[in-house]
Amino acid sequence: MARYLLTRAWQSALTLLLSTIVVFFGVRALPGDPALALAGEDRSPEALDAIRRHYGLDQSLPVQFAQYVERMAQGDFGVSIRTGTPVSSMLTTALPVTAELAVLAILLATALGVGAGVLAAVRRGRPAEWLANGLALIGLSVPHFWLGLLAILYLSVATGLFPASGFVPILEDPVDNLHHIVLPAVILGTGLAAIIMRQTRSAMLDSLSSDYVRTAKAKGLRPRAVITQHALRNSLIVVVTVVGLQLGGLISGAVVTEQIFGLPGFGKMTIDAVFQRDYPVIQAVVLLTATAYIVINFLVDLLYSVIDPRIRVTGDPA
Amino acid sequence: MTVLTVPMADAGPADVTRRTRVLRRLRRNPLAVVSFVVLALVAVLALLSPWIAPYSVDQTDFARTFAPPGTPGHVLGTDDLGRDVLSRIMLGARASLQVGILAVATSLVIGVPLGLAAGYFRAWDAVISRFTDLLLAFPFLIMAVGLAAIRGASLGNAAVAIGIAQIPGVIRVVRSDTLRLKSLDFVAAAVVDGASDLWVLAKHILPNATSVILVQATVAIPAAILGEAVLSFLGLGIQPPAPSLGTMLATAQQFAARAPWAAVLPGVVIMGLALAFNVFGDALRDALDPKGDRR
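One line per chain: the protein sequences are A and B, in this order.
All residue numbers for the first sequence refer to the numbering used here, where the first residue is 24 and numbers rise by one.
All residue numbers for the second sequence refer to the numbering used here, where the first residue is 455 and numbers rise by one.
In short, the hints are calculated from the structure, not lab data.
Every residue, glycine too, gets a C-beta built ideally from N, C-alpha and C.
One or more hints might be untrue.
[Claimed, not checked] Derived list of chain B stretches under chain A, where covered just means 3 residues or more per stretch with a C-beta under 8 angstroms from a C-beta of chain A:
no. : segment
1   : 529-538
2   : 712-726
[Said to hold, decoys possible] So the derived list for chain B, only partly shown, Cβ under 8 angstroms to chain A, looks like this:
no. : residue
3   : Leu499
4   : Ala500
5   : Val581
6   : Ile582
7   : Arg584
8   : Asp587
9   : Leu590
10  : Ile596
11  : Ala602
12  : Leu703
13  : Gln707
[Claimed, not checked] From the derived model, a few chain B residues whose C-beta atoms are all more than 12 angstroms from chain A:
no. : residue
14  : Ser503
15  : Phe520
16  : Ala521
17  : Ile555
18  : Ala644
19  : Val669
Based on the sequences and whatever the hints tell you, model everything.
Shown next, in the form of structure tokens:
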């Protein structure tokens, strides 16, 4: 297992380096002089020279890249062209919002997806399976931003049950915070729930027809115990795998959801930055997403080998 | 696979029986038939929409903005500029299909050769795996944001961003199918026979991998259609005044107080399109499953 983890760690580090190189050259591919983009309002030649020196734009590419990595590692993402605030402080206010939204969405999707998936597998060929399958297909096909739009129109505006937009920090007022974020989390969670449901169902069907479940049934274990103790154990692995694989989709979904519900998170910051051509912010967003993706997937692999003993023994994901 | 159909290089008759079996299974599945008919209808409508749409998509009528559905002359009503909603939905669906097909074509053109190489040549596997990891680290929306920042927002750039994001999925399924096929006897026979690697890949492995590629493409198109809708909704995809279901929803959000119904139809059309593809994709996967009538 140690060897497997070491390999994964080395692979993750390599991917991280490669993605940093991609972003570094992506920034250089931006239209116009980077110094000009970084300068914002003050575009005097002296200011531009100062920026070129500060960011090492007068150095060779390898030197520039080394300095770039050093700055990024220290969390120095530059200053927003539009607001003048350091990008790092924008991130510290935006990231908790997105993290809360994503965690809530994952929890909701897991509860819903595993529940419906188990139900569909156990009630095979019955109306319950048809309903669960149909809902999962719709969940895969519905544009979630549209669901969000309808939810705002018909649940928030029409009935006033939920606030249509805005956000209250959790430390300020936990109840009001939940009130603001529950609808976006449900919307973001539906797509993930559909994927978890389909995977859970097929994993359950496989394990229900496996030898160890037949043995458990044969020795007289009650059906409920067979499902919860033997078959369902595997669905934990399914959830961890799906969340790891779907992390990119979750990040994309969070961006859209935040935009619709006006949540001041990472996603809204991203979209605003694109339209304001706020390049330092865009760069930070892209680099941070890639880093988060790589690190979280590495952690998922760690977790994976903890949950599934087969991986610990063979050193290879099943 | 029966004992009699030896999977040799020119397994012509076996191929034919397999195809008829798959088609028969599809015909017997009502969901497959319905979704296929829906897709065929939409495809025909989309192809012909520039000629059969009742109005030109840019034809404004400021005397009749926000006409509700059912207005004489405008079955589905008009939008904020008095443009006919039915016509714009028809051309919007056409744009959705265009992006869907363009994106999936992009991912196949790049992903299939890489998947074949990763599965066939051990030495390439590690390199291509790192490439896949790298692509995965940039979610499609972040990729689209980056592309929009560098090259501007457009239908083409949206399709490219979605297509690039779909490459890892293509590589994964093609790679694993190549690994499976490579271990079969007929490939070994061809290698012993002195066939070159390229010949084996092109003549033996790729033709046998088409079914997994087909299924992958069928489920990737609805994902791309949803992706286009999201990007256009955010303003990162198709640019107004060109018709797009995503931008129609963005406009609807802006004018939700005046015309709440405008938010319903474009969404229903996007969902219907994606649903038809997903249902058909499921049916196709079941029909191609050699394990038979497992549902």
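Worksheet entry | Which numbered hints fail | Hints 1, 3, 4, 5 and 6 are the ones this structure does not satisfy, whereas the remaining hints hold.
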